[in-house]
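Novice: One-letter residues, chain by chain:
Number of protein chains: 2
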Amino acid sequence: MVQVAVLGYGTVGSGVVEVIEKNKDMVNKKAGQELNVKYILDLKDFPGDPYESKVIHDFDQIVNDDDVAIVCETMGGVGVAYQFTKALLEKGKSVCTSNKELVAKHGPELLQTAKAHHCNYLFEASVGGGIPIIRPLNYSLTAERIEAINGILNGTTNYILTKMEKEGADFDSVLKEAQEKGYAERNPEADVEGHDACRKIAILSSLMTGMNVDSEKIYTEGITKVTAADFVYAKAAGKSIKLLARSKALGEEEVLAMVAPFMLDKEHPLAMVNDVFNAVFVTGNMLGDSMYYGRGAGKLPTASAVVSDVVDCARHLGKVIMCFWEEKDAKLADLDNVESRYFLRAKASARAAVEAAFDCEEVLTVPGRTEDFAVFTKPVKERDFAAKCEELGSAVESRIRLF
Amino acid sequence: MVQVAVLGYGTVGSGVVEVIEKNKDMVNKKAGQELNVKYILDLKDFPGDPYESKVIHDFDQIVNDDDVAIVCETMGGVGVAYQFTKALLEKGKSVCTSNKELVAKHGPELLQTAKAHHCNYLFEASVGGGIPIIRPLNYSLTAERIEAINGILNGTTNYILTKMEKEGADFDSVLKEAQEKGYAERNPEADVEGHDACRKIAILSSLMTGMNVDSEKIYTEGITKVTAADFVYAKAAGKSIKLLARSKALGEEEVLAMVAPFMLDKEHPLAMVNDVFNAVFVTGNMLGDSMYYGRGAGKLPTASAVVSDVVDCARHLGKVIMCFWEEKDAKLADLDNVESRYFLRAKASARAAVEAAFDCEEVLTVPGRTEDFAVFTKPVKERDFAAKCEELGSAVESRIRLF
Chain A
1 MVQVAVLGYG
11 TVGSGVVEVI
21 EKNKDMVNKK
31 AGQELNVKYI
41 LDLKDFPGDP
51 YESKVIHDFD
61 QIVNDDDVAI
71 VCETMGGVGV
81 AYQFTKALLE
91 KGKSVCTSNK
101 ELVAKHGPEL
111 LQTAKAHHCN
121 YLFEASVGGG
131 IPIIRPLNYS
141 LTAERIEAIN
151 GILNGTTNYI
161 LTKMEKEGAD
171 FDSVLKEAQE
181 KGYAERNPEA
191 DVEGHDACRK
201 IAILSSLMTG
211 MNVDSEKIYT
221 EGITKVTAAD
231 FVYAKAAGKS
241 IKLLARSKAL
251 GEEEVLAMVA
261 PFMLDKEHPL
271 AMVNDVFNAV
281 FVTGNMLGDS
291 MYYGRGAGKL
301 PTASAVVSDV
311 VDCARHLGKV
321 IMCFWEEKDA
331 KLADLDNVES
341 RYFLRAKASA
351 RAAVEAAFDC
361 EEVLTVPGRT
371 EDFAVFTKPV
381 KERDFAAKCE
391 ELGSAVESRI
401 RLF
Chain B
1 MVQVAVLGYG
11 TVGSGVVEVI
21 EKNKDMVNKK
31 AGQELNVKYI
41 LDLKDFPGDP
51 YESKVIHDFD
61 QIVNDDDVAI
71 VCETMGGVGV
81 AYQFTKALLE
91 KGKSVCTSNK
101 ELVAKHGPEL
111 LQTAKAHHCN
121 YLFEASVGGG
131 IPIIRPLNYS
141 LTAERIEAIN
151 GILNGTTNYI
161 LTKMEKEGAD
171 FDSVLKEAQE
181 KGYAERNPEA
191 DVEGHDACRK
201 IAILSSLMTG
211 MNVDSEKIYT
221 EGITKVTAAD
231 FVYAKAAGKS
241 IKLLARSKAL
251 GEEEVLAMVA
261 PFMLDKEHPL
271 AMVNDVFNAV
281 FVTGNMLGDS
291 MYYGRGAGKL
301 PTASAVVSDV
311 VDCARHLGKV
321 IMCFWEEKDA
331 KLADLDNVES
341 RYFLRAKASA
351 RAAVEAAFDC
361 EEVLTVPGRT
371 EDFAVFTKPV
381 KERDFAAKCE
391 ELGSAVESRI
401 RLF
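Chain order of the listed sequences is A and B.
All the letters of the first sequence, read from the start, carry residue numbers 1 to 403 under this note's numbering.
All the letters of the second sequence, read from the start, carry residue numbers 1 to 403 under this note's numbering.
Check before you lean on any hint, since a few could be wrong.
The list treats identical chains as one, so a pair stands whether inside a single copy or across any two.
Cross-link-like lysine-lysine pairs, in silico, DSS-like; alpha carbons within 27 Å at most [as the list claims (entries may be wrong)]:
| hint | residue 1 | residue 2 |
| --- | --- | --- |
| 1 | Lys-24 | Lys-319 |
| 2 | Lys-24 | Lys-38 |
| 3 | Lys-24 | Lys-331 |
| 4 | Lys-29 | Lys-328 |
| 5 | Lys-331 | Lys-22 |
| 6 | Lys-22 | Lys-328 |
| 7 | Lys-217 | Lys-331 |
| 8 | Lys-24 | Lys-299 |
| 9 | Lys-217 | Lys-105 |
| 10 | Lys-91 | Lys-266 |
| 11 | Lys-29 | Lys-105 |
| 12 | Lys-248 | Lys-24 |
| 13 | Lys-378 | Lys-248 |
| 14 | Lys-163 | Lys-266 |
| 15 | Lys-331 | Lys-115 |
| 16 | Lys-299 | Lys-29 |
| 17 | Lys-331 | Lys-29 |
| 18 | Lys-328 | Lys-378 |
| 19 | Lys-388 | Lys-347 |
| 20 | Lys-266 | Lys-235 |
| 21 | Lys-328 | Lys-24 |
| 22 | Lys-166 | Lys-181 |
| 23 | Lys-163 | Lys-235 |
| 24 | Lys-29 | Lys-319 |
If you are wondering where the hints come from, they were derived from the structure by calculation, not from laboratory data.
Based on the provided sequences and hints, a complete structural model is requested.
Specialist: Following this line, the structure appears as structure tokens:
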């Protein structure tokens with residue numbers, strides 16, 4: 001029997017206990033032995049909860065219990081969670097986490113600590129919730145040179161954009177509705193400004209390169225400036241708008257990574273990823289494109305991913321599972337020098353100025369709309385594009401990159 | 001250094017050598033040691049080929065060479081390939097294969113042989129070409145009770161159906177074009193009659209249940225009866241037609257498996273899988289739906305999957321990688337007793353008779369078409385539906401299950 005502890009009895013933590021219990025026969029069969037949740041660490045008590053008796057408040061009880069071999073860190077944050085994780089790994093206890101913030105910030109260090117103590121630090125649940133993506137990248141696409149990863153990695157923003165697209169609604173009203181339904185936080189910044197997706201693409205980029213991609217250095221733009229009018233033009237052009245987290249390998253040690261709204265063809269597989277679903281689109285040099293799609297969040301999907309890590313740890317007690325993520329920083333390409341194609345929507349009165357400023361692939365007008373028009377530019381250096389938009393001033397109403 | 005042999009220097013076999021060579025640094029890093037292709041077994045010689053000197057004609061040289069640890073079986077067929085595989089595994093050499101026919105027919109026996117000799121029999125490339133699906137099922141979805149698998153598992157038929165849908169063409173002309181382009185074999189039966197998809201869903205169903213699902217017992221219907229007219233109605237109803245390979249767990253030991261064309265909503269993720277792409281849609285009891293999408297065939301994608309197995313074998317020399325697929329047969333549900341919903345297209349003159357025969361959810365007519373009409377039935381037992389169609393005789397022009 002393998003003894004497991006769960007740190008944090010919130011949404012994901014209670015899901016972990018539920019998955020281990022509900023799928024007990026399957027989980028134990030796959031783990032090759034019985035898993036038992038011995039402790040649940042939380043600040044609160046849970047009177048009446050079926051696992052009430054396992055709830056404890058003292059972390060030392062877990063770290064000092066030689067029977068505990070695997071710990072699920074479902075607390076979140078980078079303070080106490082970091083200290084606890086480090087202490088556990090130093091005691092040779094494997095840690096499985098859904099904490100993307102901690103993984104993005106201290107991933108390579110914690111992996112190193114785990115390795116030094118013959119245990120594992122696994123984080124399948126940190127990206128894409130229940131979608132298996134970490135393990136496919138680490139164990140399946142091993143014959144590939146991964147050239148690019150493009151993901152829809154945040155369910156809240158994808159829900160909002162899907163609603164805006166389907167209902168012609170604007171951002172503020174859809175955000176409000178999403179908050180009422182519990183799909184968006186009261187403080188939605190981490191989601192709508194792209195920070196959550198940024199951490200996740202930092203993790204995927206690190207696994208892609210084998211080097212550390214610092215999330216704080218990734219250009220990140222949220223969806224708050226996307227308007228109902230942009231969707232009108234997108235629809236007319238057979239396109240959709242999605243918040244994409246992108247990463248592209250440029251040579252051995254350089255990466256172009258960014259999070260931003262993109263306009264993409266309706267025919268692209270990522271365009272059909274709707275509502276709270278997530279997807280990761282991976283391009284390898286032999287396999288070409290493959291995509292991994294599913295629920296990117298939610299109690300049980302996320303918990304299922306954590307428990308799949310527990311199973312992996314149980315199968316590899318005392319052995320280190322391979323993960324290439326060095327502490328050495330990858331070089332991040334300077335976005336200013338990159339060429340992008342843009343959708344640019346501007347006041348109708350500025351049409352001549354816009355067409356003079358940019359080399360345009362297409363000029364878009366929508367019947368019945370006299371107040372504005374739009375263009376798709378040809379590839380233009382980000383720096384030059386920004387400078388020209390600056391010159392055009394308030395005539396520019398919106399700009400979204402083309403995928 | 002690990003010595004590797006390749007059996008069969010055809011499309012996939014030569015792809016395997018190419019992937020190992022082209023992605024050498026990546027592959028060796030992931031394998032934890034250098035891989036070297038020592039032998040290539042083929043009946044023919046390949047004068048001028050860069051690996052000409054490795055080509056041999058005598059299998060005994062491989063099976064008796066103690067240096068060879070891993071063998072890629074890319075020959076195909078169930079005769080000699082079976083004998084060679086068995087002999088290699090009995091010598092403790094791991095075998096990685098793209099041969100779905102052999103895996104579907106002798107999978108559990110060969111897994112057992114591998115286990116007894118402390119080596120591995122891996123077959124990631126046997127389903128979905130380069131799409132990682134075997135490994136995610138075996139190692140990632142370990143906390144899930146898999147409830148259903150629905151796949152587009154054959155690229156040729158998906159290419160034909162996509163063309164029919166987009167161009168309004170009929171089956172025969174698209175097949176002919178696909179043959180000219182090399183997307184379909186001169187004898188296309190294995191693809192268009194569903195046998196290829198059947199073998200693949202047998203493999204996936206076996207991994208889902210942990211028991212053996214016999215491909216020969218799976219109800220299999222191809223796409224030869226799907227017409228341009230069916231697509232006209234599908235389009236009018238916001239649906240697409242796909243050849244689906246389906247498997248559903250009914251309790252612990254019973255499975256409902258089938259291969260047949262299905263009409264499904266345009267909004268369903270499987271409906272956007274077009275051309276030669278494949279996808280596997282998996283439903284778990286915790287995770288809900290997830291999907292794995294990519295190139296289901298082709299030299300390099302398939303070879304990439306074989307090489308990912310080689311990497312896995314190299315990492316686990318002398319150790320058995322877990323795979324639950326017992327020799328015990330799973331019970332296959334009798335399709336006759338199952339309820340399905342149907343799309344039924346019939347002569348316009350038979351409208352009263354059709355509406356009297358079936359409990360219909362919807363009656364469909366297409367402006368300008370006076371010769372026929374269609375209905376979507378409510379759920380009806382397969383046996384009863386077939387009997388009623390029999391009674392209606394030649395008035396019934398087409399019947400396709402609804403997803």
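Novice: Which earlier hints turn out false for this structure, listed by number in ascending order?
Specialist: Failing hints, ascending: 10 and 18.
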